[in-house]
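Required output: the full structure, derived from the provided sequences and hints.
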Amino acid sequence: MVLVQAPGPAEAHLFGWYLGFAIAVVVISVVVALVAPVLVLAARIARQAPQINQALQQSYRSIGICGRS
295 MVLVQAPGPA EAHLFGWYLG FAIAVVVISV VVALVAPVLV LAARIARQAP QINQALQQSY
355 RSIGICGRS
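Numbers in our numbering are just positions in the sequence shown, counted from 1, shifted up by 294.
If you're looking for bench data, these hints aren't it; they were derived computationally from the structure.
Mixed in with the good hints there might be a few duds.
Using C-beta positions, here's what the derived DEER-type ranges look like [as the list claims (entries may be wrong)]: (1) 356 - 335: 52 to 62 Å; (2) 320 - 356: 32 to 42 Å; (3) 329 - 349: 23 to 33 Å; (4) 339 - 317: 25 to 35 Å.
Ideal placement from N, C-alpha and C gives every residue a C-beta, glycine not left out.
In structure tokens, the structure reads:
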């Protein structure tokens, strides 16, 4: 017959640390997974910003010309 010993006080204390560490890893992974696409879109918008600004300025000029006639 094999007897199984109950975990000692030190092992029970470390379980909380292991659980907390695992939860922290999961939370950080989820945050990175949510923030990464936002940063990719922001970089794409930043690359297109000069073209957008130029198109807006051209449309302002066109509207200004039409408004004067």
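Beta-carbon spacing of residue 356 to residue 335 - inside the hinted bounds 52 to 62 Å or not: Given a distance of about 29 Å, which is not inside 52 to 62 Å, the answer is violated.
Assessment of proposed distance window 25 to 35 Å (beta carbons of residue 339, residue 317): 34 Å, holds
Residue 349 and residue 329 - C-beta distance against the hinted 23 to 33 Å: Holds, at about 29 Å.
32 to 42 Å as the expected CB spacing between residue 356 and residue 320, which holds or is violated: Violated: the Cβ-Cβ distance is about 53 Å, outside 32 to 42 Å.
Figure legend: structure checked against the earlier numbered hints; hints not met, in rising order: 1 and 2.
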